[in-house]
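**Q** Work the whole structure out from these sequences, hints included.
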Amino acid sequence: MKSFKARYLRFWKSVAKRSRRFRLYTHSHHGRMLLDMSEPTSRELWAGYMYETKHYALVEDALKTEPADVFYDIGANWGGFSLCAARAGCPRIEAFEPNRKVFGSLAANILLNNFQDRIRAWNIAAGAEDESGYLAIDPRATDVSSLSPERMPEKWVYSDRQDCLIRRVDRFLPVSGKSVFIKIDVEGHEIEVLKGLTEILQANRVRILVETLGNREFDAAAERDYGLKVLKRMGKNIYLANG
Numbered sequence: 028m029k030s031f032k033a034r035y036l037r038f039w040k041s042v043a044k045r046s047r048r049f050r051l052y053t054h055s056h057h058g059r060m061l062l063d064m065s066e067p068t069s070r071e072l073w074a075g076y077m078y079e080t081k082h083y084a085l086v087e088d089a090l091k092t093e094p095a096d097v098f099y100d101i102g103a104n105w106g107g108f109s110l111c112a113a114r115a116g117c118p119r120i121e122a123f124e125p126n127r128k129v130f131g132s133l134a135a136n137i138l139l140n141n142f143q144d145r146i147r148a149w150n151i152a153a154g155a156e157d158e159s160g161y162l163a164i165d166p167r168a169t170d171v172s173s174l175s176p177e178r179m180p181e182k183w184v185y186s187d188r189q190d191c192l193i194r195r196v197d198r199f200l201p202v203s204g205k206s207v208f209i210k211i212d213v214e215g216h217e218i219e220v221l222k223g224l225t226e227i228l229q230a231n232r233v234r235i236l237v238e239t240l241g242n243r244e245f246d247a248a249a250e251r252d253y254g255l256k257v258l259k260r261m262g263k264n265i266y267l268a269n270g
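To get the numbering used here, take the position in the sequence shown, counting from 1, and add 27.
Hints may contain errors.
20 Å max Cα-Cα, derived SDA-like pairs, lysine to any residue [what the hints assert, rightly or not]:
#  : residue 1 : residue 2
1  : K182      : N242
2  : K259      : I151
3  : K259      : E87
4  : K205      : K256
5  : K259      : A248
6  : K222      : R232
7  : K222      : Y161
8  : K263      : T80
9  : K81       : S65
10 : K205      : D157
11 : K81       : M64
12 : K222      : D197
13 : K91       : S206
14 : K222      : F142
15 : K128      : M64
16 : K222      : A247
17 : K205      : A230
18 : K222      : C191
19 : K259      : A89
20 : K205      : G270
21 : K205      : A247
22 : K259      : A230
23 : K205      : D63
24 : K222      : R243
25 : K222      : E244
26 : K128      : L192
27 : K222      : I151
Treat the hints as calculated values from the structure; they're not laboratory data.
From a predicted model like this one, the values you see are computed outputs, not experimental measurements.
**A** In structure tokens:
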């Protein structure tokens with residue numbers, strides 16, 4: 028038998044699905060948001076779901092303990108971690124989100140919270156090379172969109188796709204001599220993103236929070252090729268640093 032809370036959240040998700048498409052919403056943690064009710068993650072937020080609370084807390088604590096000059100949010104989705112970094116005082120945030128549908132919510136959420144002077148949103152993907160590619164999308168869960176769908180669990184049905192630009196971050200937005208925090212959530216494309224960060228990793232003090240989906244290949248590459256030490260493991264998420 029499902030708990031009352033689970034049934035309550037399911038009810039409000041169903042209400043959201045039948046509601047008008049766009050809603051302005053004030054979230055207890057993320058602030059003001061534009062929710063697209065045709066998009067599954069937005070419906071869950073409106074229903075009261077709290078995403079990745081431990082990981083937001085880790086980022087907030089890390090940025091307060093050692094402020095970052097630059098925060099790269101790679102796989103930003105609607106901008107939760109970008110907003111978190113801005114509230115923690117980070118002066119420069121670069122948010123990458125290739126999914127055009129979700130990107131609209133990201134841009135709106137930046138403006139609604141008056142963080143346009145700190146957060147820049149890029150409707151492109153991060154990767155190992157500057158090239159064009161395509162983003163595979165499961166319409167039921169746009170937060171699992173992937174440039175490497177063949178690496179994803181079979182439960183995701185990638186029936187849609189979008190063309191997208193892919194850029195090496197260390198060429199597109201290079202920095203050196205800075206304190207840098209990088210959040211990576213790219214659904215199976217982690218190694219390619221890491222390759223495109225090589226020069227940033229070599230030229231800065233870097234901390235990384237990455238969702239690996241249990242990708243041991245990423246773990247090995249991170250430690251062998253980039254000198255990243257594991258500071259903390261949280262399920263499928265790893266917090267690493269190069270110093």
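**Q** Compare the structure with each hint and give your call.
**A** Here's how the hints hold up against the structure:
1. For a cut-off of 20 Å, the pair hint linking K182 to N242 stands: about 17 Å separates their Cα positions.
2. Restraint check for K259 and I151: not satisfied, since their Cα atoms lie roughly 29 Å apart, outside the 20 Å limit.
3. The hinted pair formed by K259 and E87 meets the criterion: a straight-line CA distance of about 15 Å does not exceed 20 Å.
4. For the hint linking K205 to K256, the alpha-carbon distance of about 18 Å falls within 20 Å, and the restraint holds.
5. The suggested pairing of K259 with A248 holds, with an alpha-carbon distance near 17 Å, which does not exceed 20 Å.
6. Distance check on the hinted pair: K222 and R232 sit about 17 Å apart at the alpha-carbon level, within 20 Å; holds.
7. Between K222 and Y161 the CA atoms are separated by roughly 19 Å; this keeps the pair inside 20 Å, and the hint holds.
8. About 14 Å separates the Cα atoms of K263 and T80, which keeps this hinted pair within 20 Å; it holds.
9. Pair hint K81 plus S65 does not hold up; C-alpha atoms about 27 Å apart against a cutoff of 20 Å.
10. Distance hint between K205 and D157 is unfulfilled; the C-alpha atoms sit about 24 Å from each other, more than 20 Å.
11. About 26 Å separates the Cα atoms of K81 and M64, which puts this hinted pair outside 20 Å; it is violated.
12. With a C-alpha separation of about 9 Å, the suggested pair K222 and D197 falls inside the 20 Å cut-off, and the hint holds.
13. With a C-alpha separation of about 13 Å, the suggested pair K91 and S206 falls inside the 20 Å cut-off, and the hint holds.
14. For the proposed pair K222 and F142, the alpha carbon gap of about 29 Å is over 20 Å, so the pair is violated.
15. With a C-alpha separation of about 12 Å, the suggested pairing of K128 with M64 holds against the 20 Å cut-off.
16. Of the pairs offered as hints, the one joining K222 and A247 holds, with about 13 Å between alpha carbons and a cut-off of 20 Å not exceeded.
17. Proximity of K205 to A230 is assessed by CA-CA distance (about 8 Å); at most 20 Å being required, the pair is judged to hold.
18. Taken as a hint, the K222 and C191 pair is honoured in the structure, with Cα atoms around 19 Å apart against an allowance of 20 Å.
19. For a cut-off of 20 Å, the pair hint linking K259 to A89 stands: about 12 Å separates their Cα positions.
20. Between K205 and G270 the alpha-carbon distance is near 13 Å, which keeps this suggested pair within the 20 Å criterion.
21. Note on K205 and A247: the hinted pairing is violated, with a Cα-Cα distance of about 26 Å set against a maximum of 20 Å.
22. Distance restraint check for K259 and A230: the Cα-Cα separation of roughly 23 Å exceeds the 20 Å cut-off, and the hinted pair is therefore not satisfied.
23. Between K205 and D63 the alpha-carbon distance is near 36 Å, which puts this suggested pair outside the 20 Å criterion.
24. Annotation: proposed proximity of K222 to R243 holds, straight-line Cα distance about 16 Å (limit 20 Å).
25. A C-alpha spacing of about 13 Å is found between K222 and E244, which places the hinted pair at or below 20 Å, so the restraint holds.
26. Note on K128 and L192: the hinted pairing holds, with a Cα-Cα distance of about 15 Å set against a maximum of 20 Å.
27. Our distance criterion of 20 Å between C-alpha atoms is met by K222 and I151, whose separation comes to about 17 Å.
When held up to the earlier numbered hints, the structure conflicts with 2, 9, 10, 11, 14, 21, 22, 23 and fits the remainder.
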